[in-house]
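Put chain B on the given structure of chain A with help from the hints.
Below, each chain spelled out in residue letters.
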Amino acid sequence: MSQLDSEQDVAGVIGRPLDRVDGPLKVTGRARYATERRDGGARPAVGWIVEAAIGHGRIARIDAGRAERAPGVLLVLTHENAAEQTPYGLPEDAGRFTQSRAVLQGNEIRHFGQAVALVVAETLEQARAAAALVEVDYDAESGRYEASPEDEGEIPDSLDGGGQPDLGKGDFDAVLRSAEVSLDQRYTTADQIASAMEPHATEASWRDGKLTLHMSLQILASGKQAIAQTLGIEPERVRILSPFIGGGFGSKLGVHADGVLAALAARELDRPVKVVQHRRNLFFSGPHRGHSSQRIRLGADAEGRLLAIGHDSLQPMARRYQFAEPVASATRASYACDALLTRHRVVPVDRPPIDSMRAPGEAIGTPTFEAAIDEMAEQLGLDPLEFRLRNAPQREPGGGRPFSSRDLERCLKEGAERFGWHERPVRPRSRNDGRWLIGYGMASAVRPNLLMEASARARLGGNGQVVCELDMTDLGTGSYTVLTQIAAETLGVEPQRVTVELGDSDLPQTSGSGGSFGAGTSGSALYRACLALKEELARIACEHADSPLNGCVPDALELAGGRLSGRRADGTAAEAGLDAIAALGGPDGVSAEGSIEAGQDHEDFAQYSYGAQFVELGVDPASGEIRLRRCLGVFSAGRILNAKTARSQLMGGMIYGIGGALFEEAMMDSRRGAFMNRDLAEYHLPVNRDVPDLEVVMLEEPDYRSNPLGSRGIGELGICGIGGAIANAVHNASGVRVRDFPITLDKVLKGLETRV
Amino acid sequence: MRAFTYERAEAAEAAAGRAADPSASFIAGGTNLVDLMKLQVLSPSHLVDVSRLPLDRIEATEEGGLRIGALVTNSALANDERIKATWPLLSRALLSGATAQLRNKATTGGNLLQRTRCYYFYDTTSPCNKREPGSGCGALEGFNRIHAILGASEHCIATHPSDMAVAMVALGAEAETLRPDGRRRRVAVEALHRLPGERPELETVLEPGELIEAVVLPPPPKGRQLYRKVRDRSSYAFALVSVAVALEVEGNAVSSLRLALGGVAHKPWRASRAEAALLGQPATRDSFRAAAEAELAEAVGHGGNDFKLPLARRVIAATLADAAGLTPEAEEGEPV
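As they're listed, the protein sequences go chains A and B. Residue numbers for the first sequence follow our numbering, so the first one is 37 and each next one is one higher. Residue numbers for the second sequence follow our numbering, so the first one is 1237 and each next one is one higher.
Read the hints as simulated data drawn from the structure, not as lab findings. Check each hint, because a few of them may be wrong.
[To be verified] With a Cα cut of at most 20 angstroms, we get these calculated SDA-like pairs of lysine to any residue:
(1) 783(A) to 1341(B)
(2) 783(A) to 702(A)
(3) 1341(B) to 381(A)
(4) 205(A) to 316(A)
(5) 1274(B) to 381(A)
(6) 783(A) to 1536(B)
[Said to hold, decoys possible] Chain A stretches covered by chain B per the calculated footprint, using a threshold of three residues with CB under 8 angstroms from any CB of chain B:
(7) 158-169
(8) 486-493
(9) 647-661
(10) 717-729
(11) 766-772
[Claimed, not checked] Derived Cβ-Cβ restraints for the label pairs, each shown as a range:
(12) 206(A) to 1563(B): 50 to 60 angstroms
(13) 64(A) to 1270(B): 36 to 46 angstroms
(14) 193(A) to 1537(B): 51 to 61 angstroms
(15) 789(A) to 1340(B): 49 to 59 angstroms
(16) 728(A) to 1340(B): 20 to 30 angstroms
(17) 268(A) to 1433(B): 41 to 51 angstroms
(18) 1433(B) to 129(A): 55 to 65 angstroms
(19) 1271(B) to 97(A): 28 to 38 angstroms
For each residue, glycine too, the CB sits at the ideal point set by N, CA and C.
Same shape as in the complex, but just chain A (with noise of 0.2 angstroms):
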């Protein structure tokens, strides 16, 4: 069922597989993105990115003469004429989503493709082909672009998600001295990049000193910050407009070149200017995914109890931009030992903005820590789930705290019955199907689980109608829907009387979307919001002297299908429609507002969603071709806010580390710190023929120490481990170990090589 069809349904719709109500506006083509505004204003001009040729160095001259004196270009913004900003990176001691992100500034090339200038004409044709008329030399330097794992590489100041670089416990060497069985690994990950359908774009407006952006932006409020840092003027100046987003993944977290360019180009202009990043400019003017290099140390006794759980991450760092991926942050809650050492550094690197990309750490961390378990497994002689199992901690092996919720194991006991683990091949290349070779694997999924700090606005119309109001955004993942079904339930209306406003900085400030937080944070806000508004109302209905509650108590009134009913003081019975009760209110009806922050319980207990992720897989043995038969994921996330867009989370989650695993990597020619597959023909992602058969599991179970709602983080769940669990199964499959992902065919072919 996807609608509800009675009003007895409203009481229960929390959870329900409600259809998204912002479909029919997307299907339509009613759904207006960033740069695709249509209200009747100003025809914008349109600006064209200019790229920096080279890796680290200065511009020796520019001469955008020819460009000027194109057709149609109105302006061609350089770091000579462009308007002075506060530097790059200041106030160093800002989050980097609020410092600034000043371009053409002075002639230092920091990163190749970094923008050197900007051409705005009339069309993008004109600007496009114009760019190419901007003359530019340079005096190239040598740049440092890569870490490679000998670099012993800087302790960062902190790690994304708050957790410190270094976390351990116990006297580590001498445990794994001291271990039967151990193993010493290095694992590696390549660069990615988000690349989301929809690219970073802005079209900027300004007004009497008021500076309107429609961007396509996950975080509005540090967002808005950013920009007025950039440009030296007060936040309250500058509005950002966000209403829908065709994916982010972390990518769109903070405001890049073309937001500010857009901003600088329209006050010269003083007419509108729309920026949009080309595919090829994501890769530079858009942050990615370092590389890294991963040492994982286990040690256990012979009966596979774990001692000891060692586990390094280098990964480069953009100078200039505090960023480090918090790589081992499941390996710090995975499984129980007595000495554990978690540590990670950063090699500063002349690249772009190295940043949050979906699941940051669990992306990369969860694969190869599953596949160190996965290879010390073997070498115990243990099934692999058996060894996870026997592993469970009872507290948190980093911190020592208590779990708000432990389900782990329920999802790798109910995952490997659903699937049928016992069936698998024990022996590694021991079954086939014609010339495949099959295997399988798993792997346990861990990510941690955030409350930020977020308010809302919930208003309801003498017209019975309930506007909700936040600056939460929508990537496309269905915040709409599962706040429309907060709202609904907790005022008892049906979810059609709900308007869900987002995307407009204007609003109520809350955390935005990312790190997994969003729809419980947010939707914790609204909750508190209708909470107030119902308290508001009724008290209201009580007070108001033309109420026919009037001389009820308060508590005392009952809310059902849109009407409270209550007992006067004389015992006789009445009640009255909410929308009569909010018209008693004013003109605008009733509002209230609610807020949200992390509490104790973020503090005093370890607090993470789980999943199980179970496949099986071909490989051939001619060409080391990986195809995927079938997956499953079994995840345990607190309560499920909507059944349908939960599920769809999920999947895409287990399909972008499908992703991970097996295709993406963005090659950078290390000579000149330029990435060359920069489009979407070889940035390869997986497409439908690489994703077989996905069975989505929710075991679900409020946990009401994560939020009021008792949901947890579900966005980046199904992506953590399934790296991991096909990792495995390639070695089940061929008896391959491949310990550098992507697995691609020809790292699975050099050890079928090694095999003849």
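Only chain B this time, still in chain A's reference frame:
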């Protein structure tokens, strides 16, 4: 994209004449050219649109083959009943290329003339002798995962990306062309593309303005036809190595063989050495492996594409074995 002039050709003879200027270009489906123009990898000053010329028919020839108009789309050709029944190798090759949307636009003639997918050819800030003669080759010591192992030169190691052309070579097809001076000629598809040598910017033997009007398939080769494409994902990716084979076995010996390779060279690669090595030989995994090794005797890797040597060897041998009807290897048997 730079400004250009455009005309729609009403007749083939006029079209050939109009595109004789080296800065002019034909355009048909545009699936490759338009992308390259947007990126300014190619900036023709004049486009001659041949897409409305009456070259979209597939006709039987007196010899028992087919004459395929140059404007027959990849979809129409792949799904033609005669092709599916008699030249299944061609249908399979076509369907393994690009996507349904692209195949609906891409034409037979255009497919033959598509440009390499070398990253350095696409990146206008990189040196590339093919895009800018004399500027050098960025791929030689750069990223060359998808590059050539056969017939390359120090000036260029790019590959030809077509699947269809590989099948055409295996099937012995010929291109019918019309030159600007009005004369027509036939060029074997095998001889249509050049090796890079010192002039990688010259990709075919066609003169400026020479228009491919049709591709003629001779009667089908004897034996079983297969097209095996190995790529980095299961669809919408160019071949790392592809193998087109038509193999007949009589008794236990190879009696007829046509073999061509894709993804390994600047042109669809006719595997003549392997063909010669196998004719009359027993159809066994050993002889297939030996033939693959013979074909690859002079193959050279450039770092990122070193894996193509064992990959090509194994996939050639495995595809020949499939065509010969050998059963999959035993469970613990070694791969061919």
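Check of the region 766-772 of chain A against chain B for coverage (Cβ-Cβ below 8 angstroms, three residues minimum) = violated (count 0)
Are residue 205(A) and residue 316(A) close enough, with their CA atoms no more than 20 angstroms apart?
-> violated (45 angstroms)
Please work out if residue 783(A) and residue 702(A) have their alpha carbons no farther apart than 20 angstroms.
-> Distance ~17 angstroms between residue 783(A) and residue 702(A) Cα, so the pair holds.
Confirm or reject the claim that residue 268(A) and residue 1433(B) have a C-beta distance inside 41 to 51 angstroms.
-> violated (58 angstroms)
For the range 28 to 38 angstroms, tell me whether the beta carbons of residue 1271(B) and residue 97(A) fit it or not.
-> Since residue 1271(B) and residue 97(A) have Cβ atoms about 31 angstroms apart, the given range 28 to 38 angstroms holds.
Range hint 20 to 30 angstroms: satisfied by the CB atoms of residue 728(A) and residue 1340(B)?
-> holds (27 angstroms)
According to a criterion of three or more residues whose C-beta lies within less than 8 angstroms of a C-beta of chain B, is the region 647-661 of chain A covered?
-> holds (count 5)
Does the Cβ pair residue 789(A), residue 1340(B) satisfy 49 to 59 angstroms?
-> Given range 49 to 59 angstroms: violated, Cβ gap about 40 angstroms.
Sort out whether residue 1536(B) lies within 20 angstroms of residue 783(A), counting only the CA atoms.
-> holds (19 angstroms)
Is the Cα-Cα distance between residue 1274(B) and residue 381(A) 20 angstroms or less?
-> Judged against 20 angstroms, a Cα distance of about 41 angstroms means the pair is violated.
Determine whether the Cβ-Cβ distance between residue 1433(B) and residue 129(A) falls within the hinted range of 55 to 65 angstroms.
-> holds (60 angstroms)
Quick check: the region 486-493 of chain A, covered by chain B? Criterion 3+ residues, Cβ under 8 angstroms.
-> violated (count 0)
This entry does not satisfy hints 1, 3, 4, 5, 8, 11, 13, 14, 15, 17, going by the numbered hints stated previously.
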